[in-house]
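Listed here are the chains, written in short residue letters.
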Amino acid sequence: MTLLKRLTSVLVMALAINAVAFTLQAQERTGPLRIEITEGVIEPLPFAVPDFVAENRAANDMARQIAEVVASDLSGTGLFRRIGSDAFISNITSFDSPVQYADWRAINAQALITGSVNVTAGGRVTVKFRLFDVFAGSEMGGGLQLGGTTTSWRRLAHKVADTVYSRITGEGPYFDSRVVFVSETGPKSDRRKRLAIMDYDGANPQFLTDSSSLVLAPRFSPTGDRILYTSYESGFPRIFVMNVGNVSRRALDDQQGAMSFAPRFGPDGNTVVYSLSTGGNTDIYKLNLQSGERTRLTSAPSIETAPSFSPDGRQIVFESDRSGTQQLYTMPANGGEPRRISFGTGRYGTPVWSPRGDMIAFTKQNQGRFHIGVMRTDGSEERLLTASFLDEGPSWSPNGRVIMFMRETSGAGGAPALYSVDVSGRNLRRVNTNTAASDPSWSPLLP
Amino acid sequence: MKHLSKAVLVVAALTLAACTDPSRLGGGYGGAGANGAAGGLNDPSNPISPAYFQQTIGDRVLFAVDQSTLSDGARATLAGQAGWLAENPEYDALIEGHADEQGTREYNLALGARRANAVQEYLTSRGVAPNRLSVVSFGKERPIEVCSNESCYERNRRAVTVISAGGLGS
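Each protein sequence line maps, in turn, to chains A and B. Just add 652 to the spot in the first sequence (first one is 1) and you have the working numbering. Just add 7 to the spot in the second sequence (first one is 1) and you have the working numbering.
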């Protein structure tokens, strides 16, 4: 597997990124330039990102590419609209020259992002950038300097865009993150599935497994260093844990005659909740990875599956058909009496607790259609965000503002693809993948 | 022989061989080719062949939407399977539970497990030794029909009894 080597080197490089503030008087300024993304945004905020200034010849291409990725990240949120460079009156030729605010006001650029790039012979990249509130005529927050390598330049761009996004929206960042998913090829009746990983925007895809065994539903650890997934490599569904850095893996649990699936990490990174099927009955268990101790959390003749921890580790949300149809329940993390939280019409499955702790995303099936929806953790304020023949398996962005999920088309030629949607229900977008793709799991923000 | 077939599975898993996916057996004649006695065992007119089991006895039973209850027709098929297994003790069986695509992935895995278990329990009640039977669920992962309406769905909601070599020692 040469891909293994390549993947490892990419990861090592990626870890070399660091960030330092170079303006000491950096202050969080919350002037007029602000987007409240909980409220209805009618008009996206117009911004300009001129090509970054290349500080040396080696930085020429990257200076342009980094500006492109920054613009793409911001536009992709649906909250910002890029102003094309053909409209520009001013050009940015030096990072430290004063900004001609009037020239940017004239083209209605509310935010201006300027930057510079330096690339050393050794492959070190230094990016500096500033964010300006054009109509206030001032810089917004301090300038920042980021360091990395030529192979990790996209991460530098994502970090620039994350800073801009956070300063303007007041929300946590999420562009510098990755997604693990299942890559699918072949006909519907004989689908080949492989685990794959990519940047959140579809760049830098890499396979993590070959297609010799059916694999399902990978899930990131809270620090993004490991992945839980279900594989049929023994002939039976069984949970594996993979180290993302070196792609080594081991079976999690080994019980004769049992099938295990639907694993998820707890927030401590050491606890795993999952489903075990024995004698036709599926219940939820908890496993301590270090001690190997296993605790049974539910004991009912019904199906209990798809468990997900609350971010404080105190509760678990899961689905059960104990009432006759699939519904959502919460219970204490050590088991105990479940409390039903879904009461609308239809069936509810695959609940996932938001990283902010405030909401639960789910799949809903009603009258032959599938939806991705969100509700408060007590089941109130249910809102459906999408509708199609088959939408399934939501995964939260690190800041809890965007949901990625799988949408599958119907019929013999039907195939799944990844989509993302704002928690508001706006900005439905297809995520770029080389193959058909399912079961996305969004990583935490990269270190 | 039971132990032997398990050992083979383990080795296959360790070497990541291309054919560890048991669903491949589901479409063919099980492990018949593996014991070297080809020809007759692939002949559906030979009553002791897995091909006969698959095509004449009937290797699968179907289920209603979101159900794992055996219909009268399913019980008749399974009674035939139990009879064949009684007369052919050199074979074991793997029962695969499947679901149609109308449902979420995890739920369908659990539903397939229920269906496979319903078949296992029925075969056991008809005298098949439990240690000759194993179960696996594929959920909605391995449809045999690919259209997205009930004519296909009803054939995908199935439990398939896949015959494999083994069983002499049990």
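Because the hints were derived from the structure by calculation, they are not lab data. Wrong hints could be hidden among the right ones.
[What the hints assert, rightly or not] Residues from chain B that face chain A, not an exhaustive set, calculated with beta carbons under 10 Å:
1) A71
2) S78
3) D79
4) L101
5) E108
6) R121
7) F145
8) P150
9) V153
10) S158
11) C159
[Said to hold, decoys possible] To list a few chain B residues with every Cβ distance to chain A over 10 Å, as calculated:
12) R67
13) G87
14) A120
15) R139
16) E161
Only a predicted model underlies this, so the values are computations on that prediction, with no experimental measurement involved. From the three backbone atoms N, C-alpha and C, an ideal C-beta is built for every residue, glycine too.
Results for each hint:
| no. | hint | verdict |
| --- | --- | --- |
| 1 | A71 | violated, 14 Å |
| 2 | S78 | violated, 17 Å |
| 3 | D79 | violated, 20 Å |
| 4 | L101 | holds, 8 Å |
| 5 | E108 | holds, 7 Å |
| 6 | R121 | holds, 5 Å |
| 7 | F145 | holds, 8 Å |
| 8 | P150 | holds, 6 Å |
| 9 | V153 | holds, 4 Å |
| 10 | S158 | violated, 12 Å |
| 11 | C159 | holds, 9 Å |
| 12 | R67 | holds, 15 Å |
| 13 | G87 | holds, 22 Å |
| 14 | A120 | violated, 4 Å |
| 15 | R139 | holds, 13 Å |
| 16 | E161 | holds, 15 Å |
Figure legend: structure checked against the earlier numbered hints; hints not met, in rising order: 1, 2, 3, 10 and 14.
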